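Chemist: Turn these sequences into a full structure, and let the hints steer you where they fit.
Respectively, the protein sequence lines represent chains D and A.
First residue of the first sequence: 1, per the working numbering; consecutive thereafter.
First residue of the second sequence: 1, per the working numbering; consecutive thereafter.
Simulated from the structure, these hints should not be mistaken for laboratory data.
Among the hints, a few may not be true.
Computed footprint of chain D on chain A; a stretch qualifies when at least three of its residues, placed anywhere within it, have a C-beta under 8 Å from a C-beta of chain D [as the list claims (entries may be wrong)]: (1) 118-129; (2) 193-199; (3) 202-209; (4) 347-357.
Beyond 10 Å from chain A on every Cβ pair, some chain D residues (computed) [said to hold, decoys possible]: (5) E83; (6) K178; (7) Y374; (8) E512; (9) Q559.
Predicted model, so just to flag it, every value in this text is computed and none were measured.
Cβ coordinates follow ideal geometry from the N, Cα and C atoms, glycine included.
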Amino acid sequence: MRKTLALLGALYWTAVLPARNSGPDYSAYERSLPKDQQMLHALDRLTYGPRLGDLEAVKKMGLKKWIDAQLHPEALPENGELEARLAPLKSLSMSQDEIAKNYANPVAQVAAALAAQLQQAQKGNGAAAALPVNPPLPATKAVRNPVPLKNLTDLLPPDQVRVLRNGTLEQRRSLLAKIPADQMDDIVTALPSNVRNQLMAAASPELQRKLQLASNPQQVMASDLSSAKLYRAIYSTHQLEEQLTDFWFNHFNVSLEKGADRMLVTTYERDAIRPNVLGKFRDLLEATANSPAMMFYLDNWQNVTPPPPARANAKGKQAKQATRGINENYARELMELHTLGVDGGYTQHDIIEVARCFTGWSINNPNQGGPFVYNDNTHDKGEKVVLGVTIPAGGGKEDGEKVLDILATHPSTAHFISKELAQRFVADDPPPAVVNAMAKTFTDSGGDIRAVMQTMLDSKEFFSVGAFHSKVKTPFEMIVSAVRATNATVDYAMPLANQISTLGQPLYRKLEPTGYSNANIEWVNSASLLARMNFAMQLGQNKVEGVTVDTKKFSSTPQTTAKQLLFANASSQTLDAIAKSLAPPKPKKNEKPVKPTPPAPGLIAGLVLGSPDFQRR
Amino acid sequence: MPTRRVFLKSSGLAMFGMGAVPGWLSRALGGEAPGRRKKILVAIFQRGAMDGLNVVVPHGEQAYYDLRPNLAIPRPDGTETSAIDLDGFFGLHPSLKPLKAIYDDGHMAMIHATGSPDPTRSHFDAQDHMESGTPGQSSDGWLNRALMPEKKISPVRAVSLSADLARTLRGPNESINIANVSGFKVNDAKGAATFQKMYDKTKDPVMNSAGRDAFEAVKMMEAFQKERYTPANGARYPSGKLGQNLLQIARLIKGNVGLEVAFTDLNGWDHHVNEVGARPHLGQLANMLTEFGQSLAAFYADLGDRMADVTVVSMSEFGRTAKENGARGTDHGHANVMFALGGNIKGGKVYGDWPGLEREQLYEGRDLDLTTDFRDVLGELVTRQLGNSQVAHVFPGYEQPKFRDFVRGVNRAA
Numbered sequence: 001m002r003k004t005l006a007l008l009g010a011l012y013w014t015a016v017l018p019a020r021n022s023g024p025d026y027s028a029y030e031r032s033l034p035k036d037q038q039m040l041h042a043l044d045r046l047t048y049g050p051r052l053g054d055l056e057a058v059k060k061m062g063l064k065k066w067i068d069a070q071l072h073p074e075a076l077p078e079n080g081e082l083e084a085r086l087a088p089l090k091s092l093s094m095s096q097d098e099i100a101k102n103y104a105n106p107v108a109q110v111a112a113a114l115a116a117q118l119q120q121a122q123k124g125n126g127a128a129a130a131l132p133v134n135p136p137l138p139a140t141k142a143v144r145n146p147v148p149l150k151n152l153t154d155l156l157p158p159d160q161v162r163v164l165r166n167g168t169l170e171q172r173r174s175l176l177a178k179i180p181a182d183q184m185d186d187i188v189t190a191l192p193s194n195v196r197n198q199l200m201a202a203a204s205p206e207l208q209r210k211l212q213l214a215s216n217p218q219q220v221m222a223s224d225l226s227s228a229k230l231y232r233a234i235y236s237t238h239q240l241e242e243q244l245t246d247f248w249f250n251h252f253n254v255s256l257e258k259g260a261d262r263m264l265v266t267t268y269e270r271d272a273i274r275p276n277v278l279g280k281f282r283d284l285l286e287a288t289a290n291s292p293a294m295m296f297y298l299d300n301w302q303n304v305t306p307p308p309p310a311r312a313n314a315k316g317k318q319a320k321q322a323t324r325g326i327n328e329n330y331a332r333e334l335m336e337l338h339t340l341g342v343d344g345g346y347t348q349h350d351i352i353e354v355a356r357c358f359t360g361w362s363i364n365n366p367n368q369g370g371p372f373v374y375n376d377n378t379h380d381k382g383e384k385v386v387l388g389v390t391i392p393a394g395g396g397k398e399d400g401e402k403v404l405d406i407l408a409t410h411p412s413t414a415h416f417i418s419k420e421l422a423q424r425f426v427a428d429d430p431p432p433a434v435v436n437a438m439a440k441t442f443t444d445s446g447g448d449i450r451a452v453m454q455t456m457l458d459s460k461e462f463f464s465v466g467a468f469h470s471k472v473k474t475p476f477e478m479i480v481s482a483v484r485a486t487n488a489t490v491d492y493a494m495p496l497a498n499q500i501s502t503l504g505q506p507l508y509r510k511l512e513p514t515g516y517s518n519a520n521i522e523w524v525n526s527a528s529l530l531a532r533m534n535f536a537m538q539l540g541q542n543k544v545e546g547v548t549v550d551t552k553k554f555s556s557t558p559q560t561t562a563k564q565l566l567f568a569n570a571s572s573q574t575l576d577a578i579a580k581s582l583a584p585p586k587p588k589k590n591e592k593p594v595k596p597t598p599p600a601p602g603l604i605a606g607l608v609l610g611s612p613d614f615q616r617r
Numbered sequence: 001m002p003t004r005r006v007f008l009k010s011s012g013l014a015m016f017g018m019g020a021v022p023g024w025l026s027r028a029l030g031g032e033a034p035g036r037r038k039k040i041l042v043a044i045f046q047r048g049a050m051d052g053l054n055v056v057v058p059h060g061e062q063a064y065y066d067l068r069p070n071l072a073i074p075r076p077d078g079t080e081t082s083a084i085d086l087d088g089f090f091g092l093h094p095s096l097k098p099l100k101a102i103y104d105d106g107h108m109a110m111i112h113a114t115g116s117p118d119p120t121r122s123h124f125d126a127q128d129h130m131e132s133g134t135p136g137q138s139s140d141g142w143l144n145r146a147l148m149p150e151k152k153i154s155p156v157r158a159v160s161l162s163a164d165l166a167r168t169l170r171g172p173n174e175s176i177n178i179a180n181v182s183g184f185k186v187n188d189a190k191g192a193a194t195f196q197k198m199y200d201k202t203k204d205p206v207m208n209s210a211g212r213d214a215f216e217a218v219k220m221m222e223a224f225q226k227e228r229y230t231p232a233n234g235a236r237y238p239s240g241k242l243g244q245n246l247l248q249i250a251r252l253i254k255g256n257v258g259l260e261v262a263f264t265d266l267n268g269w270d271h272h273v274n275e276v277g278a279r280p281h282l283g284q285l286a287n288m289l290t291e292f293g294q295s296l297a298a299f300y301a302d303l304g305d306r307m308a309d310v311t312v313v314s315m316s317e318f319g320r321t322a323k324e325n326g327a328r329g330t331d332h333g334h335a336n337v338m339f340a341l342g343g344n345i346k347g348g349k350v351y352g353d354w355p356g357l358e359r360e361q362l363y364e365g366r367d368l369d370l371t372t373d374f375r376d377v378l379g380e381l382v383t384r385q386l387g388n389s390q391v392a393h394v395f396p397g398y399e400q401p402k403f404r405d406f407v408r409g410v411n412r413a414a
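Modeler: In structure tokens form, the structure reads like this:
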């Protein structure tokens, strides 16, 4: 399937033209889009999909001015609905220390407790006290998850307990609103964890927090990250900034799935990625290279100058040499994925030399969120030659800084970054002309990302027939754009995050350093497509937990509903299929024709959201 | 351009769902010579680095007991707290008791001191290397490349039981992911029929192709999705992820939908702390092995005679330190043990050259050394189980695999 898809994908919008000579045909990128489609296209590409009224707003403001505003988000007022939803997600604004203190994993807490105990013992009597072989789990767990002192039935009358356990959303919501705040902590503690999960959608943000902390404090950071990402994509006025935050995080990928990174991703996205998404590439590179999240993720914290050879053991035989020494992982990915690209003109020797330059770039105690540190005593002091440039012996941290300078200004980097951006924003196989123009701007402007984006947005290729609707939505884009198109209200975002996982794109959990592919054709697979259809039917008919869709406002005809959601006319094939499914069954002989019954509210909306038309942007 | 779609259209088999004989049926059944069923390979990944030394225990070696005073599984003494002897030197962890009968029947073999020659001790790189079949680097997956070009392709020939397509199944050949066989459908009946029409008719070739693949696969599984599945021969799958995924795979195999390769995984083998409980035969590793052993035994029992066509192989990214650490656990090591189970396996034997556990015999002075490259094991299965002789294509850069001869069959000429 994949091969067929890739071929078809590359040919899709150009294949309708007569076949040309060998090589990809980019002529469809020469033809410019009609004006009204340009506005929809800009919304499709620079936002997470148009919402009700967005097209009119762009029209009123003028396309060029609207793009300018997106390129300068600092001057754009933020949506109050977003701020209200982000406020309860406390971990988002915590320092790395606070995160470690509040959400450290039990193993790290045991280690910290033992270290403290040992230190205490050494202070006290000069000798280490015997340490327990099986240390008990730390007290914090017991504090957060105390054995319930009271039963639920002691706290509430039986009919209310029934509502909590089995009530409808509305019943639960009104009951929870009635319970006095001072009683709530006991109730939360007494609830079984499956009931806590069921109550999430009915709970206020404050109560959601309590329920989550009671069930699974370890997951709070991950769910804050995913919720915030969804809320921002759905509600933020800074849509291009959100698109670029996603792009750059993915470009410099780290994963919640890799050990200590579970605690380091929040500050990584907030402090290293987000402030630089429209800034200078060199600053972004610097911020990621100096982040504990990246140093842990790509093992550079273990990248040290090799120790002297091991001595022979007592039997006189040489043990096989231990490999503690340089670790090439970061060096390799820095060139292959972050800067030059795999064909960017570096060798295995360059990888080793770059790894030597980054020896000593480490972390202080990663399991406790320890900060980035540079350890001069594990740094390789010898001379290195990187891509033909000599870095003299005797250097310290500046060896790595010089490597970042060399890489950030290398022509391969200008081209690679431009191509990735064009792949994300223009087409899976972007025309070389626009990539070259962007690369020139990259070099001329000293890696100014805003300027590179400007060049792309000024190009004829961006607003071309070839680019229009040529990208398949990622699972994240599909789900967010459906929520935006239906003008849904989201009060609890985790069910959406779980759907995105089901579609194959778990947020912040891409384990491989490649990140998710920018070639969206990768997202078309059988299970995912069926899952998209199932989600579409659920959302259209207002059946997604935590999300409210006003199904009454959808039209009862396929054409107008499709226009409401696609902001353009649906294909005749999609409309035909919907019309056929709404038609009453043909009467059998001697039977009266059945009167058409109006479709269930939201059914047509669901069908449109799951249609092939809605999967593209 | 002869794409798959063109083939379907030109062969007139694209009429599924419109009253005609479904295309899948013609392709999956009609095209096959009667009696010639596909050979099937099921791969299981044990993520986190299983402690192979406590799984297939070298109880004949004193060094094992010296290195692991708290962890070592006692020498076989017939009780349930000691190793189950296999050949006088190796023994099974007592939690793997359900597998002993299969071993004795000659349908299960283990290959010890095996793994990836790459020195990395990063889970993440090592899993990547093993799933791609290319130590030291990353590429698409070996299990995808192991599929051979076929004229008649089932939409469910290669399945990963997961929310996204497993890395090892990514690549140029047909492959799908199914989280759950019963859930692989559009839930709303009206929606299903309408979407099928839309995707069948759409002018968008990508959506058309993928949509038809999906609905063909749905159609193919529809018949047995409706039925409640009852495992045969009294097989009881444990309720954990591995048992349930193997149950789904058994359903697909018995459903005769043209399955050739399947993949599933089991997390949680990374036992740095408290690998064993109050006694060495208890604890976290024992619990994992209970699930592993019961799942495989249920699968074997459920498939019955059908196991003649099926082989299961297990792998884990690397092994663990030969010496126990100070927290009743083990750290990241090197070589490990792989299991192979099926009618085609020359079982009842532990294969491989045993490198020994004396200090000077250990890899980097700390880990079980590697004597069989994992590509030797998988390459033999690809050749003899799947009948694909292009081993150098499946494992690029590995031209000369050394087969251990644990699989029946012949090496077809390349």
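Chemist: All hints, please: hold or fail.
Modeler: Going down the list of hints, with the structure as the test:
Counting residues of the stretch 118-129 of chain A whose beta carbon lies closer than 8 Å to any beta carbon of chain D gives 5, which reaches the threshold of three, so the coverage claim holds. Taking a C-beta to C-beta cut-off of 8 Å, the stretch 193-199 of chain A contributes 6 residues in contact with chain D, enough for the three needed, and the coverage statement holds. Interface restraint, the stretch 202-209 of chain A with chain D: holds (8 residues with C-beta to C-beta distance below 8 Å; minimum three). Coverage of a stretch by a chain is defined here by at least three residues with a beta carbon nearer than 8 Å to that chain's beta carbons; for the stretch 347-357 of chain A and chain D the count is 0, and the condition is violated.
Against chain A, the non-interface label of D/E83 holds: every CB pair exceeds 10 Å, the least being about 32 Å. No beta-carbon of chain A is positioned within 10 Å of the beta-carbon of D/K178; the least distance is around 35 Å. Distance check for D/Y374 against chain A: the nearest CB is about 22 Å away, which clears 10 Å, and the non-interface claim stands. At the 10 Å boundary, the C-beta of D/E512 falls inside the reach of chain A, the nearest C-beta of that chain being 7 Å off.
The claim that D/Q559 is not at the interface with chain A holds, since no C-beta of that chain comes within 10 Å of its own (minimum 15 Å).
Hint check: violations occur at hints 4 and 8; the rest are consistent with the structure.
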